[in-house]
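With the hints as constraints, model all of the structure from the sequences given.
So the sequence lines, in the order shown, correspond to chains E and H. Following my numbering, the numbering of the first sequence begins with 11 at its first residue and continues without gaps. Following my numbering, the numbering of the second sequence begins with 775 at its first residue and continues without gaps.
Hints listed in this document are in silico derivations from the structure and should not be mistaken for laboratory results. Be aware that a few hints might be false.
Quick list of in silico lysine-lysine cross-link-like pairs, DSBU-like style, CA-CA up to 35 Å [as the list claims (entries may be wrong)]:
| # | chain 1 | residue 1 | chain 2 | residue 2 |
| --- | --- | --- | --- | --- |
| 1 | E | Lys44 | E | Lys395 |
| 2 | E | Lys490 | E | Lys78 |
| 3 | H | Lys830 | E | Lys395 |
| 4 | E | Lys480 | E | Lys395 |
| 5 | E | Lys429 | H | Lys830 |
| 6 | E | Lys395 | E | Lys78 |
Not close to chain H: a few residues of chain E, all C-beta gaps over 12 Å, as computed [unchecked claim]:
| # | residue |
| --- | --- |
| 7 | Arg67 |
| 8 | Gly179 |
| 9 | Asp252 |
| 10 | Ser287 |
| 11 | Ala349 |
| 12 | Ser459 |
From the three backbone atoms N, C-alpha and C, an ideal C-beta is built for every residue, glycine too.
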Amino acid sequence: MSNLTLPLDITSLHRAFEAGEWTPGAITRYYLDKIRANRLNAWLNVSEERALEQAARAERILSDSGGKVPLARFPLFGVPMGIKDNLAVQGEKLTCASRMLAEYIAPYSATVVERLESAGAITLGKLNLDEFAMGGSNENSAFGRSLHPTHPERVTGGSSGGSAAAVAGGECLAALGSDTGGSIRLPASYCGIFGIKPTYGRVSRYGLVAFASSLDQVGPMTRTLEDGTRILQVISGVDPRDATSLVMPAITRPQASPLQGLRVGIPAEFDGEGLSSDVRSSFQDLKERLTRAGATLIPCSLPHITHSIAVYYVLAMAEASSNLSRFDGVRFGNRAATAAGAESLEKFYAENRSLFGAEVKRRILLGTFSLSSGYADEYFLRAAKVRALIARDFDHAFQNLDCMLSPVSATAAFRAGEKSSAPLQMYLNDLYTVPANLAGIPALSLPWSRDSDLLPIGMQFMGPRGCDEKLLGIARSVEKLRNGGAS
Amino acid sequence: MSTKSTSRSDQPTPAADTRALVLRMAHLSRLSLSEQELESFSGQVGSILAYIEQLKVLDVAGVEPLLSPSSLMSEHAQAPREDRSIRPDAEATSRLLACAPDPRTDSFGVPPVL
Numbered sequence: 011m012s013n014l015t016l017p018l019d020i021t022s023l024h025r026a027f028e029a030g031e032w033t034p035g036a037i038t039r040y041y042l043d044k045i046r047a048n049r050l051n052a053w054l055n056v057s058e059e060r061a062l063e064q065a066a067r068a069e070r071i072l073s074d075s076g077g078k079v080p081l082a083r084f085p086l087f088g089v090p091m092g093i094k095d096n097l098a099v100q101g102e103k104l105t106c107a108s109r110m111l112a113e114y115i116a117p118y119s120a121t122v123v124e125r126l127e128s129a130g131a132i133t134l135g136k137l138n139l140d141e142f143a144m145g146g147s148n149e150n151s152a153f154g155r156s157l158h159p160t161h162p163e164r165v166t167g168g169s170s171g172g173s174a175a176a177v178a179g180g181e182c183l184a185a186l187g188s189d190t191g192g193s194i195r196l197p198a199s200y201c202g203i204f205g206i207k208p209t210y211g212r213v214s215r216y217g218l219v220a221f222a223s224s225l226d227q228v229g230p231m232t233r234t235l236e237d238g239t240r241i242l243q244v245i246s247g248v249d250p251r252d253a254t255s256l257v258m259p260a261i262t263r264p265q266a267s268p269l270q271g272l273r274v275g276i277p278a279e280f281d282g283e284g285l286s287s288d289v290r291s292s293f294q295d296l297k298e299r300l301t302r303a304g305a306t307l308i309p310c311s312l313p314h315i316t317h318s319i320a321v322y323y324v325l326a327m328a329e330a331s332s333n334l335s336r337f338d339g340v341r342f343g344n345r346a347a348t349a350a351g352a353e354s355l356e357k358f359y360a361e362n363r364s365l366f367g368a369e370v371k372r373r374i375l376l377g378t379f380s381l382s383s384g385y386a387d388e389y390f391l392r393a394a395k396v397r398a399l400i401a402r403d404f405d406h407a408f409q410n411l412d413c414m415l416s417p418v419s420a421t422a423a424f425r426a427g428e429k430s431s432a433p434l435q436m437y438l439n440d441l442y443t444v445p446a447n448l449a450g451i452p453a454l455s456l457p458w459s460r461d462s463d464l465l466p467i468g469m470q471f472m473g474p475r476g477c478d479e480k481l482l483g484i485a486r487s488v489e490k491l492r493n494g495g496a497s
Numbered sequence: 775m776s777t778k779s780t781s782r783s784d785q786p787t788p789a790a791d792t793r794a795l796v797l798r799m800a801h802l803s804r805l806s807l808s809e810q811e812l813e814s815f816s817g818q819v820g821s822i823l824a825y826i827e828q829l830k831v832l833d834v835a836g837v838e839p840l841l842s843p844s845s846l847m848s849e850h851a852q853a854p855r856e857d858r859s860i861r862p863d864a865e866a867t868s869r870l871l872a873c874a875p876d877p878r879t880d881s882f883g884v885p886p887v888l
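What follows is the structure, encoded as structure tokens:
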């Protein structure tokens, strides 16, 4: 193993390649060693052969270009990455942390994975998650939760818990996550890294195993905002294979936007009860520093947002029950050993579907309820109407704002097991993150401070729909502010 | 179930008999539940449904449901794809069949259930 400093972001990595301090092969082997130890249970599968081949190719390219990183052609040249295990990588296992798909090999790659690999990234392996991305603590993984890198008795957050743990724990340079109700932002906040959920439709969902199709969005989880932005530049942009992907250019790298005169909305509904004292003081500190930097804090109101969790759990579960109906043990996935003796087709399906874990079953049941005859109007349709009101609240408020600010979560990472017996308490933990998914707006989690136990606390910035670049520009200035620099 | 009611009190809530409800939903979604699962889900589903009841106090008359944020970005929507089927080649067919628990030459194997 090398005694050299480990490059912790993409720019330092490229500098280290050019200085000859690290080679793509050496850095890949360094991470593969860490992954094999799997100290945090963040990894469900290692794609060693693939990674080493990609690294060898990178070394040939580097030598052909005289040791200079060909950035224009390969913006993510030699960047060792982890992929949340609900995204397809051709020829590699795709388990969704479920017994249902424990042996499933993806027959094709997700568009985001193809784009990363074409941009030169190295795919190290697949990262742990709550089963089918359903959960906020990673405790719903059929293969055990991933551990918080600095506080192993605490949860990583979820559902992209493996992604957050691996990045924060130094087991890969960057990762992809997916966010349906906060699944990128919450674990990013709990583990102290950046997590970005783009506008719905700016990143392709092709090859992402569907949980709730109208809410799911893929995004980067990284140590620096710059790295997250660089990954977004590569993975965003229209994809004809995902009909909901928007005809908009790929996200570009914005300039830091001046904080002087910036209009930052503070939703009244997010500024009150329920915040832990540590989160409250962190939030207060950020607001004061923004004000000192010349930003204007503007109280705003999103009157229907208090119903977000109720709306979310009706709609997300309805979509999940529909999406997961395909897992019947016939065309893909595992077949339960008991299914062979089933006396009816119905029992055959039911035996196979017993491979789902408790949370997945619970959501299928609730989703089936809100879509079933006699209840669909009063539950599913009504929730979709309240969703429209929530989106309208945001659009109305953004007419006079550049962005909105809130905590990511009411508390820092909680202890494992603390909420597992009370699903509703776990659901309420998504209060601050769910509204952005309902409205389809971009939102990101920015690591702002640490509490008295040194647990990270993240703050959430939300922007108008389609204005991802603007939001990233604001976050760049806030990151500088945090690091003590002038904006 | 009434569809016009606006107050919580006069609405029979499905939370009243969640055990029967959970059994019915399990049947509809082809899930077999153990007695223990049935017990715990009934309680949990009851409290989740009670929480969701809050939506009933809102006046949503005349509001168009939002089924996907795509409809709010329609100026950036993709044109509908041409209605054309794509015939997979033999290689793609065998690659997809290989994902099945019991692949046969050109079909999915299932046990006899009649």
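(message) Tell me the hint numbers this structure goes against, listed in increasing order.
(response) 1, 6, 9 and 11
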